[in-house]
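Enquirer: What follows is each chain in one-letter form.
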Amino acid sequence: MSVLVGKDTRLVVCGLTGREGRFHGLNNRNYGTNVVAGMTPGKGGQDVEGIPVYNTVHDAVEKEGANTAMVFVPPAGAADSILEALDAGIELVIAITEGIPVHDMLRVYTHLKRGNARLVGPNCPGILSPGKANVGIIPAHFFSEGNVGLVSRSGTLTYQIGNELAQRGFGNSSIVGIGGDPIAGSSFIDIIQLFEQDDETELIVMCGEIGGEEEERTAEYIAEHATKPVIGYIAGFTAPPGKTMGHAGAIISGSKGTAQAKAEALEAKGVRVGRTPTEVAEIAASMLGAKA
Amino acid sequence: MSVLVGKDTRLVVCGLTGREGRFHGLNNRNYGTNVVAGMTPGKGGQDVEGIPVYNTVHDAVEKEGANTAMVFVPPAGAADSILEALDAGIELVIAITEGIPVHDMLRVYTHLKRGNARLVGPNCPGILSPGKANVGIIPAHFFSEGNVGLVSRSGTLTYQIGNELAQRGFGNSSIVGIGGDPIAGSSFIDIIQLFEQDDETELIVMCGEIGGEEEERTAEYIAEHATKPVIGYIAGFTAPPGKTMGHAGAIISGSKGTAQAKAEALEAKGVRVGRTPTEVAEIAASMLGAKA
Amino acid sequence: MDLLEYQGKQLFKKHGVPVPEGRPAKTVEEAVAAAEALGYPVVIKAQVLIGGRGKAGGIKLAKARGEAEAHAKAILGMDIRGFTVHELYVEQASEIDEEYYAAILLDRTAKKPLAMLSRMGGMDVEEIAAKDPTAIVRLHVDPLIGFQGFHGRRLAYEAGIAADVVKPVVALLSRLYETFVEEDALLVEVNPLLVTKSREVVALDAKVTIDGNSLHRHPETAAMRNPAAEDPQEQMARERGLTYVKLDGNIGILGNGAGLVMSTLDVVAQAGGSPANFLDAGGGSKAEAIVDAVEVILSNPKVTAVLFNIFGGITRCDEVARGLVTAFGQIDVKVPFVVRLDGTNDEEGRKILADASLPNVHVEKTMLGAARKVVELAG
Amino acid sequence: MDLLEYQGKQLFKKHGVPVPEGRPAKTVEEAVAAAEALGYPVVIKAQVLIGGRGKAGGIKLAKARGEAEAHAKAILGMDIRGFTVHELYVEQASEIDEEYYAAILLDRTAKKPLAMLSRMGGMDVEEIAAKDPTAIVRLHVDPLIGFQGFHGRRLAYEAGIAADVVKPVVALLSRLYETFVEEDALLVEVNPLLVTKSREVVALDAKVTIDGNSLHRHPETAAMRNPAAEDPQEQMARERGLTYVKLDGNIGILGNGAGLVMSTLDVVAQAGGSPANFLDAGGGSKAEAIVDAVEVILSNPKVTAVLFNIFGGITRCDEVARGLVTAFGQIDVKVPFVVRLDGTNDEEGRKILADASLPNVHVEKTMLGAARKVVELAG
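If you're matching them up, the sequences are chains A, B, C and D in order.
When we follow our numbering, the leftmost residue of the first sequence carries the number 2, and every step to the right adds one.
When we follow our numbering, the leftmost residue of the second sequence carries the number 2, and every step to the right adds one.
When we follow our numbering, the leftmost residue of the third sequence carries the number 4, and every step to the right adds one.
When we follow our numbering, the leftmost residue of the fourth sequence carries the number 4, and every step to the right adds one.
Quick caveat, the hints were computed from the structure, so don't treat them as lab data.
Built from N, CA and C at the ideal position, the CB exists for glycine as well.
Hints are supplied without guarantee of correctness; some may be wrong.
Stated by the list, open to error - PhoX-like mimics (lysine-lysine), calculated; alpha carbons at most 20 Å apart, straight line: (1) A:Lys-244 to D:Lys-249; (2) C:Lys-58 to C:Lys-210; (3) D:Lys-337 to D:Lys-376; (4) D:Lys-115 to A:Lys-114; (5) B:Lys-244 to C:Lys-249; (6) C:Lys-115 to B:Lys-257; (7) C:Lys-170 to A:Lys-44; (8) B:Lys-114 to C:Lys-114; (9) D:Lys-115 to A:Lys-257; (10) B:Lys-257 to C:Lys-114; (11) A:Lys-244 to D:Lys-210.
As the list claims (entries may be wrong) - Computed footprint of chain B on chain D, listed as stretches where at least three residues anywhere in the stretch have a Cβ under 8 Å from a Cβ of chain B: (12) 138–151; (13) 154–160.
What the hints assert, rightly or not - Covered stretches of chain B, as calculated for chain C (at least 3 residues, CB under 8 Å): (14) 132–140; (15) 158–168; (16) 174–185; (17) 247–260; (18) 273–283.
Let the hints inform the model, and build the full structure from the sequences given.
Expert: If you want it as structure tokens, here you go:
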């Protein structure tokens with residue numbers, strides 16, 4: 002098994018005809034993902050290396066049975082595209098786009114919670130279920146199937162940690178990038194819930210960073226509900242207050258959102274927190290038993 | 002039993018210190034309704050003949066355990082007042098106010114459907130459960146306890162029909178005015194569902210009028226779901242198209258919303274429709290057996 | 004409240020819906036001055052609250068001053084399906100390439116705004132539907148989310164409009180929705196939605212209905228009400244705060260509560276009569292309101308008899324009776340009245356009427372009996 | 004993006020939030036002219052993106068021309084907690100009766116706007132919270148429903164503000180929320196929210212933070228960016244489209260991806276070093292971006308060594324290596340570089356570096372090893 006994306010995924014890529022959308026859409030197809038359609042207004046009827054393109058997500062759902070949408074649309078139109086996917090009945094929207102205005106996301110998020118669909122991202126690298134499907138920009142060749150579920154606010158940091166795990170012989174059930182924006186569709190808790198229900202996942206690694214209170218809330222959740230072991234990592238111990246560290250959401254406001262506070266909150270609830278990516282992999286190895 | 006209002010009702014009157022609010026609020030209390038609070042911004046701390054007045058509905062809920070709100074606020078502020086009641090956790094809002102702008106009600110209605118609370122009205126006479134509680138402006142002295150559930154878009158027409166029934170010895174479980182506006186919080190179907198579940202109700206009378214397609218939809222619903230007998234009445238056979246007949250919602254648009262079409266839709270589904278209020282009472286008497 | 008074309012276009016312009024340049028005119032001189040200022044060719048359009056102006060000769064092209072003057076003269080004062088033309092709209096002429104149809108309206112069944120688009124414009128929406136039902140694309144809009152780009156694109160692609168104007172049409176629809184919401188409209192209709200020879204998209208007509216209950220927050224729109232276009236009885240009633248609708252018959256009707264009045268009309272019709280009006284004196288009708296109502300009803304010269312049908316709830320029957328007595332004291336009443344008083348203080352009311360022994364006023368106990376009596380008296 | 008007080012007040016005014024009359028000034032002459040036009044007494048206020056202006060002497064009352072001139076001269080160019088004063092705001096003086104506090108901000112935990120009101124204004128919100136935690140009333144607003152009258156009333160009554168100003172305060176809060184939403188703000192703060200001696204309610208200060216991602220739809224706000232207030236390295240990086248944050252240390256850092264860069268800073272610090280900057284070269288970094296990045300990093304004179312930490316995903320390590328070689332060709336590099344290349348095309352990248360045999364460039368295979376090496380070299 003895996004979470005969110007897998008063999009049942011029927012993907013429509015919003016913005017497939019753009020440079021990034023095309024590159025990653027085809028890359029995802031090459032990996033084995035069932036990319037059934039693209040969507041670009043005005044390009045309906047065209048195709049991208051055999052993938053049919055439609056003017057609307059509704060058409061992609063109706064004609065190709067798309068159930069998952071990946072959004073590569075530029076920031077000014079991305080919220081519109083997410084809303085379109087939700088309106089068309091898409092069950093899972095994965096928004097890669099970085100730089101969507103916060104007020105757009107406030108409306109999208111509130112609307113999302115009126116229904117049952119799920120949003121991952123925006124400003125995220127997507128989701129990889131090794132051996133099954135890759136939706137997004139995660140470089141899949143570093144990762145193999147395995148029993149570690151990885152959930153992260155950061156992209157490249159995930160690759161770093163995933164790679165350290167791989168060097169010790171561990172593969173992944175799924176790797177879920179929830180993104181670095183202040184308003185994200187899915188939280189650590191949402192994804193940990195999924196990993197809890199996933200047979201393949203035996204260990205969960207959560208990779209947080211400064212800003213917000215998600216990690217603190219997740220610590221509470223883990224203490225009360227998690228049955229599988231969770232290892233934490235937090236980036237940004239050296240980040241100064243009031244400065245946005247690349248991700249729109251990675252900012253310490255006053256005394257809130259520091260890496261120290263987050264690591265302590267997790268440790269207070271019994272979650273082991275690695276201080277470097279290497280240490281995370283070492284803890285995982287000690288917990289699961291060295292393999293390779 | 003009864004529906005919506007009864008002995009468990011703890012009523013806060015929004016606009017209790019206004020002329021109408023005071024008159025009907027006290028009238029409702031005299032009938033036996035448990036009027037626990039009033040709400041008028043800026044008059045918190047005052048009282049109306051012993052009923053404490055608060056600045057916010059939240060205060061009335063917190064301090065007096067109000068679970069039902071009656072809105073007597075003038076049209077410009079009525080939607081705000083309904084939203085306040087919903088925000089404060091009120092389960093049932095009964096809006097008497099006439100003349101609320103349609104776009105306000107569109108927003109209120111859409112918001113309402115995100116939660117579990119119920120709205121009756123606006124532009125309605127309220128709800129009377131004879132012998133138990135009266136919330137609104139229905140003149141209670143014409144009605145006694147009984148087994149006929151009455152639901153109506155019109156106020157005085159309801160009194161007329163109720164009176165004709167009373168003259169033949171029938172009383173009412175509850176009388177529910179759903180109001181004459183195009184966007185109403187509760188539909189005929191909503192209330193018929195409640196009467197279906199109410200032990201006391203043996204017969205249902207629905208009193209429609211021109212405009213919209215509610216009666217047609219209700220006919221479909223009755224055919225599929227209703228187990229108790231329903232008698233219909235429709236006002237406005239002589240109304241010309243394009244003219245608003247008093248109620249904002251009572252207007253024939255093109256060929257849509259005529260009394261003829263509504264009566265036929267009901268009769269096509271086996272619902273007997275009285276052509277005069279008197280005939281409605283006669284049909285009821287023939288179905289339930291003459292009493293008095 | 005229905006707006007005239009040029010009033011609707013004022014609202015369009017305010018919200019960025021593109022419209023041709025134009026100016027309203029109430030006289031031939033104003034019309035000519037407008038034409039001169041705009042530059043020829045112009046179109047002179049009758050401003051009336053009814054469709055079919057073109058066929059009735061109410062829309063004319065003028066290529067020079069002489070034509071503009073002649074058309075303005077001909078159209079001002081013209082009768083179009085019962086409506087007299089009091090105002091003109093002088094507009095720059097547009098070169099027509101394609102005609103679409105666009106509208107946003109309140110769908111009360113779905114309880115949502117409904118957006119509509121068709122590539123077949125320039126005729127009634129019913130006509131389009133009859134010719135090709137698939138030619139009209141309909142989409143509901145969530146009032147809390149509003150009109151998004153994707154709504155516009157779905158409408159445009161599914162309606163099959165020309166690819167080169169998809170973007171401006173989508174932009175126009177978005178502005179049209181803004182007009183619909185921010186102006187508290189019940190309907191905004193653009194027919195035709197024009198694509199010019201130079202492939203520009205403009206609203207060539209505007210049909211806008213504003214929610215009368217919202218006028219307190221739109222003083223400028225409220226001022227657009229055009230009393231000249233109203234029926235004089237209806238205007239008189241509105242000014243007195245009464246809900247009155249004029250009908251074709253001869254029996255004047257007054258009741259309390261919209262449903263009861265509608266029902267009264269029906270019962271009178273069933274008894275063989277023909278109602279002259281709908282008049283809801285409202286809940287809690289006071290004596291003065293009754294006097295006003297009697298004046299409004301009797302100002303219609305067709306009325307040969309009047310029925311009062313009161314079921315007192317908040318309305319007290321004694322107040323109604325007192326109002327009627329006062330009215331008879333102030334007005335020279337020449338037609339018979341039938342009065343049915345039931346409900347709150349009905350006995351007191353009937354006693355007041357008996358004591359006043361008004362000439363030709365008949366008291367009945369039931370609604371049905373009263374209806375039959377008034378039909379008999381109306382002749 | 005943080006706005007200066009007078010810029011925030013321009014947005015307030017646009018949305019109907021009442022503010023005193025005032026004018027910005029960049030010179031003493033402009034300030035005096037503004038004071039003369041406004042009429043005395045006026046307040047001369049330093050415009051800097053930092054609090055505590057009053058205590059630092061950056062806010063002065065002027066009752067006549069001479070005072071205005073003297074204060075403007077004194078404040079312009081003043082250093083307030085590290086920020087140089089380049090602009091002034093000259094404002095009509097207000098007579099203070101009461102000082103409240105109002106703010107609307109993004110609560111990312113609740114994922115909703117949060118409205119706050121307190122009757123204790125004129126000090127930091129943290130200070131209010133410390134003095135009396137119950138004095139700050141907080142309310143979340145549903146973004147789809149927006150700020151309703153009831154939100155304002157609840158805030159006002161629960162905060163216990165004076166009864167006579169409840170209505171204007173509620174109205175101001177509603178306008179403030181409109182500003183928050185329509186200007187895409189992350190924060191709008193009014194402290195103090197003033198009640199004047201004549202019991203008028205005005206925003207005496209304005210702290211506004213705009214969502215940088217929204218500037219494409221707010222060109223006027225985008226133009227408010229004040230380069231003079233920015234760090235020169237940060238400004239240079241922004242102009243080149245790089246994400247750069249200046250820090251206090253001496254080790255220049257470049258990585259790809261915000262999380263990895265933050266993690267790199269942490270690992271360097273753990274190894275005993277002190278990072279000079281955060282620099283995310285972004286996903287898919289091309290050679291030219293690397294050249295730009297090297298220039299930005301080295302423009303900070305404190306830098307004594309540089310660490311490149313690349314985990315190639317979309318970013319290709321060979322591109323990064325080529326960029327570094329180009330940079331060394333264009334720039335006279337005097338400090339040592341440590342380069343860690345892993346991931347996509349890492350071998351090609353390392354080969355390029357080996358072939359170029361750049362002076363004082365050290366290639367390491369792991370993040371940890373690279374961090375230790377750069378700390379050693381930085382001295």
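Enquirer: So, for every hint listed, does it hold in this structure?
Expert: A quick look at each hint next to the structure:
1. About 9 Å separates the Cα atoms of Lys-244 of chain A and Lys-249 of chain D, which keeps this hinted pair within 20 Å; it holds.
2. The hinted pair formed by Lys-58 of chain C and Lys-210 of chain C meets the criterion: a straight-line CA distance of about 17 Å does not exceed 20 Å.
3. Taking the CA atoms of Lys-337 of chain D and Lys-376 of chain D, the gap is about 17 Å. The hint holds against a cut of 20 Å.
4. Our distance criterion of 20 Å between C-alpha atoms is met by Lys-115 of chain D and Lys-114 of chain A, whose separation comes to about 12 Å.
5. At roughly 9 Å between alpha-carbon atoms, Lys-244 of chain B and Lys-249 of chain C fall within 20 Å of each other, so this suggested pair holds.
6. Pair hint Lys-115 of chain C plus Lys-257 of chain B holds up; C-alpha atoms about 17 Å apart against a cutoff of 20 Å.
7. The suggested pairing of Lys-170 of chain C with Lys-44 of chain A holds, with an alpha-carbon distance near 13 Å, which does not exceed 20 Å.
8. Our distance criterion of 20 Å between C-alpha atoms is met by Lys-114 of chain B and Lys-114 of chain C, whose separation comes to about 11 Å.
9. Restraint check for Lys-115 of chain D and Lys-257 of chain A: satisfied, since their Cα atoms lie roughly 17 Å apart, inside the 20 Å limit.
10. Our distance criterion of 20 Å between C-alpha atoms is met by Lys-257 of chain B and Lys-114 of chain C, whose separation comes to about 16 Å.
11. In summary, the hint linking Lys-244 of chain A to Lys-210 of chain D is supported, as the alpha carbons are separated by about 17 Å, within the 20 Å threshold.
12. For the stretch 138–151 of chain D, the proposed coverage by chain B is satisfied: 4 residues have a C-beta within less than 8 Å of a C-beta in that chain, meeting the threshold of three.
13. Coverage of the stretch 154–160 of chain D by chain B holds. Counting CB-CB distances below 8 Å, 3 residues qualify, and the rule asks for three or more.
14. Coverage of the stretch 132–140 of chain B by chain C holds [criterion: at least 3 residues with CB-CB distance below 8 Å; count 3].
15. Remark: the stretch 158–168 of chain B is confirmed as covered by chain C, as 5 of its residues place a Cβ nearer than 8 Å to a Cβ of that chain, reaching the required three.
16. Only residues whose C-beta sits within less than 8 Å of a C-beta in chain C count toward coverage, and the stretch 174–185 of chain B has 3 of them, enough to reach three; the restraint holds.
17. With 7 residues carrying a beta carbon less than 8 Å from a beta carbon of chain C, the stretch 247–260 of chain B meets the three-residue requirement, and the given coverage holds.
18. With 4 residues having a beta carbon nearer than 8 Å to a beta carbon of chain C, the stretch 273–283 of chain B meets the requirement of three or more and the stated coverage holds.
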